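There are 6 protein chains.
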Amino acid sequence: MRPSGRTPEALRPVSIETGIAKHAEGSCLIRIGNTEVLCAASVEGRVPPFMRNQGLGWVTAEYGMLPRATHTRGDREAARGKQSGRTQEIQRLIGRSLRAVTDRKAMGEMTVTLDCDVINADAGTRCAAITGAWVALHLAFQHCVRTNIMSAIPLRDHVAAVSCGVANGEAILDLDYAEDSTAEADANFVLTGSGNLVEVQATAEGAPFSEAQFLAMLDMARDGVAALVLKQREAVGG
Amino acid sequence: MRPSGRTPEALRPVSIETGIAKHAEGSCLIRIGNTEVLCAASVEGRVPPFMRNQGLGWVTAEYGMLPRATHTRGDREAARGKQSGRTQEIQRLIGRSLRAVTDRKAMGEMTVTLDCDVINADAGTRCAAITGAWVALHLAFQHCVRTNIMSAIPLRDHVAAVSCGVANGEAILDLDYAEDSTAEADANFVLTGSGNLVEVQATAEGAPFSEAQFLAMLDMARDGVAALVLKQREAVGG
Amino acid sequence: MRPSGRTPEALRPVSIETGIAKHAEGSCLIRIGNTEVLCAASVEGRVPPFMRNQGLGWVTAEYGMLPRATHTRGDREAARGKQSGRTQEIQRLIGRSLRAVTDRKAMGEMTVTLDCDVINADAGTRCAAITGAWVALHLAFQHCVRTNIMSAIPLRDHVAAVSCGVANGEAILDLDYAEDSTAEADANFVLTGSGNLVEVQATAEGAPFSEAQFLAMLDMARDGVAALVLKQREAVGG
Amino acid sequence: MRPSGRTPEALRPVSIETGIAKHAEGSCLIRIGNTEVLCAASVEGRVPPFMRNQGLGWVTAEYGMLPRATHTRGDREAARGKQSGRTQEIQRLIGRSLRAVTDRKAMGEMTVTLDCDVINADAGTRCAAITGAWVALHLAFQHCVRTNIMSAIPLRDHVAAVSCGVANGEAILDLDYAEDSTAEADANFVLTGSGNLVEVQATAEGAPFSEAQFLAMLDMARDGVAALVLKQREAVGG
Amino acid sequence: MRPSGRTPEALRPVSIETGIAKHAEGSCLIRIGNTEVLCAASVEGRVPPFMRNQGLGWVTAEYGMLPRATHTRGDREAARGKQSGRTQEIQRLIGRSLRAVTDRKAMGEMTVTLDCDVINADAGTRCAAITGAWVALHLAFQHCVRTNIMSAIPLRDHVAAVSCGVANGEAILDLDYAEDSTAEADANFVLTGSGNLVEVQATAEGAPFSEAQFLAMLDMARDGVAALVLKQREAVGG
Amino acid sequence: MRPSGRTPEALRPVSIETGIAKHAEGSCLIRIGNTEVLCAASVEGRVPPFMRNQGLGWVTAEYGMLPRATHTRGDREAARGKQSGRTQEIQRLIGRSLRAVTDRKAMGEMTVTLDCDVINADAGTRCAAITGAWVALHLAFQHCVRTNIMSAIPLRDHVAAVSCGVANGEAILDLDYAEDSTAEADANFVLTGSGNLVEVQATAEGAPFSEAQFLAMLDMARDGVAALVLKQREAVGG
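Protein chains in written order, with full-length UniProt numbering: chain A, 1 to 238; chain B, 1 to 238; chain C, 1 to 238; chain D, 1 to 238; chain E, 1 to 238; chain F, 1 to 238.
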């Protein structure tokens, strides 16, 4: 039995509210259980220097956590003067995941920056950020189509992410904080709407895990992502 | 006529929603027009080194703005590696304002940190932060009383803040972004519930201003703060 | 009675010695009691990037304190690797104050940087810096006129600053260190030669202060600034 | 056909030379094709503050690349003043991988730091670093046993890593630079000597990849790691 | 003929004014030609951590240059966020030079920090700083003797420094800026009052120089330092 | 008798192995006793901004030490976020020394960066770095000649360096760590193949030293450098 009473393959309740960041071209607040992440997409009419003159767009992400998103207050990264390795690792993951389903040629030389800021954290923030960022990105592209900057939405597919873990030797889906801090293994799966893999990250927290356990997690992740994709579809009005 | 159609002495609509930061001992989301600031109070059972062994508590604040709280996306301070002078100036102002009405002796050697994070900005964010932070602080002290950490709420008075300006030679209250960017003078007044002054900051943006204009702003600020104090009272259940 | 034996409205002895920084286009050492600030103006024939192609000049300031300007040695900001929030707040104040009386259109696209470095500190360093920086700026503009870079000195008025405070419930002018560290309120007034306000900053150090106390400080500041303007006039040969 | 003429499942030539860092308790230079990483283990008789009084040891890693380890010279991270996100991500991976096979209770409160510095880079540096760091760690533990600091070597198993990729739709093992820069997917597998998984990281570089491709990579990785474990065994004299 | 009309072996006019930094235990303003350096000594009753419990004192120095000490304004190091390599090199040289003549055992576990800040620069600032810092240090030790912190002044000898160079193939003493920027070789000699060597730094600016040229510089430096030592003696009242 | 049994004027065994950094235009591993420094030269077809349009080339150096090059592990400078003053001082010395023998006009507007990374340290690392960097630079210039970027090798002479010291009052050549940490004086001499001086740095570690001691060190350094120049000649195939 899981601390929350969920079955091993049960996702927490998911909701996606759009239009939260009033100035952003696209935005949403995604809630997965008690985890809440504000995702805002900003469109800019040029690409960073290293991407210039290639005829391709750029999609990138930044991630942050409000100091009191967590049980005990964390240091503010701006005050400490640098982003932690964890923050940088997560924001690079979000950017890569979105680029994997974006038709950057169709975008033209434009940049979309996704700001993913965690308002409340109860584990799974990077997965929530990827799932919500796709919605904000889609909304921003809708804005570009409406304003005739683009002729069609340059996204080839959905992308969404979910965490899995091994607890008491058994695979479980979508860990909350209580589970995350005691799991024997921890994995994040980023998948497309059509079921292909964009990113797999699995880590033994204590003892190494077996291939069978890994494959059980991968199966659960498929179902979890399918459910998240339905929520994304509703949020973007599709 | 003001861009928003308000009269010179009219405040924007104000609302204060509590309990937003689920882990914080006290929190609220304050909305003043389109400006939205999330204020979260974190209680810690010790004071910073420079305050030790004096039998006094400490109240401090940190301030941040989500990158897309503004019309065009701003740099993330954590990514740039330092807080701007403006950020530091604001967070010191919030801390000073709250300490001016706190009975730090009655607190004992505890620290409350107020995190004020701007979700949406339409001018007046530092004033909204002070007004909301008082609510978060009061709620955190309520928590301390409920859990027998303190015997009474160690606040001597309300404190709230409002901006004023001079536009076309005339004093106006509670500037929004359109006004803030064209005002001839810009002032922030931090006052207590009983009408005393905690902080006055007035700056000529172009030509210097007259004493008469300054005094007109001060009068308007009194009324604005009185209205904000009523909203604070409702929010903390008093 | 004040620690120094001064009456409440008495300024400390003031002197302004010009030509201290041999390479600078304008410079002075201003002494107000035991506070000594070296102000040097550097003229450059271009404006910073954010000001380009607007046909306006730029006046900015940097502020520093020698490590042993104070009773106990302070950290060298260059060694710590960053300027404190206080330093940044002060240098922005100096810059704003000088820009308020400068005809930036008449300057053309030139920059003057005012370096204000505190040699000895006995409170009131930011006010002394503003007062001295105006002299250095005027001298630098004289240099520009002499060398035919400008046709007239692009200053509309004097600007000078003085601190006030509340001690034992009574307003006092131009606090020294002994007073500054115990005052109940602390204020800085930046005024023009013609008596208008450029900046007002008043802060309760303990309990909030009353409007009557605030107005008494403002009255004293007027007289103090008038006296400083006379000293400025002598220093620039007017 | 691969650029190097290797078959899809062929590892590059591997050699491990020990004793390179003369002052280190354990060290080796691992060569995998043209990739060369110097791994040095430093033993210290205490743990970092966050690990104290738990009766457990600590194993951690730092990673660096000499500026001219690459085709074109890279910036020196010490000169730029910070480690890149990539560097931090890699050194955390190395540390986690080694801790997964270390009996930290048997270590006692000691720290071993593994410095992994890339002398020449031809892709696969993080995998080479993990594989070489295990050797350096084993040698350092041998030193601790010889000097009676430990009674037995506190390692439960080997750990080694290898990269895989998808090129032209087909899985390949141990990518060199030419392959790494064009692969459709890129994965790193960290496995134990007994075949369990410690870490899996797979990333789509362009289009998402299929589960079948992923499983083909995992199979190749098993064989690759088995070969590396034999080389480790020789190097530590086992 | 030198630009200033001096003979090859002529020092510029030297003056040392004491008591400039009002709060410092010892201070002086040393002028060598148009070079002016303010040297302030701060005494502290403990040593830095790495020196503790050895029964020895510590003497250290920090060096800075006001931004407009030079012909064109230089960046403020505090604003850039780091001290240049040149600054660090100079302050380590000043510290080493003073420690070479200090009886650190007789000092006891106390620290003296010498702040050397260049007000006006016309070459030779590091040499002026060493020469002036010795005076500030001596005055600070006098203060310690007067206040019974020390029983005698713990200095074994004078130490002073002078620059030399090679211009048009000929050795010259005490270069000013015009000479310094064109010299073929540049050397700094730090010598004691009794004529021993504390530090020699000689650098070819263009072509390498000969041993004969080097020895000619060393001879001139001896005479220059002897003259500086007389000035030091007057300044400390001896 | 020296700890190593060497006579006062004996150099440690020297070897120079070329071609270590596979991607570099020139490289070598220089070993002097147990000191090992990897020197890699990188050629770039442009000069830094401050050197542009002068028709001159640029030669510069960076220096680093692997954390476990020393008896006890040192902090990694990239992790600490800045290079120490010592590192900066050394890399500037290496750059100056090489530029003194380079015909920068003949180079054209190209840059060569010498990376000198210490693999094992047993004193004398900066001298080894200079001596090895000259070899790497020569090899890189050979590469430029072979690829028709330059018509001849733009080096006017060899440059090499050796340390000397005073131990028990007597001059000694090429100190190892045991000697370096106890020497009364420490000097580095950088000389050309033809015997001229490029840089002299001599420092009293305790008591000041005499001119006679200094001249004895200089004599030994001449012979030491002559031996190093022979090794350089062999290494570059000359």
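Hints were generated in silico from the structure; no laboratory data involved. Please read these numbers as outputs of a predicted model, since none were measured by experiment. Using N, Cα and C, we set each Cβ at its ideal position, and we do this for glycine too. Mixed in with the good hints there might be a few duds.
Simulated DEER-style distance windows between Cβ atoms [as the list claims (entries may be wrong)]:
hint: 1; chain 1: C; residue 1: 80; chain 2: B; residue 2: 71; range: 41 to 51 Å
hint: 2; chain 1: D; residue 1: 49; chain 2: F; residue 2: 211; range: 46 to 56 Å
hint: 3; chain 1: B; residue 1: 212; chain 2: A; residue 2: 143; range: 16 to 26 Å
hint: 4; chain 1: C; residue 1: 168; chain 2: B; residue 2: 34; range: 37 to 47 Å
Of the numbered hints stated earlier in the document, which are not met by this structure? 1 and 3
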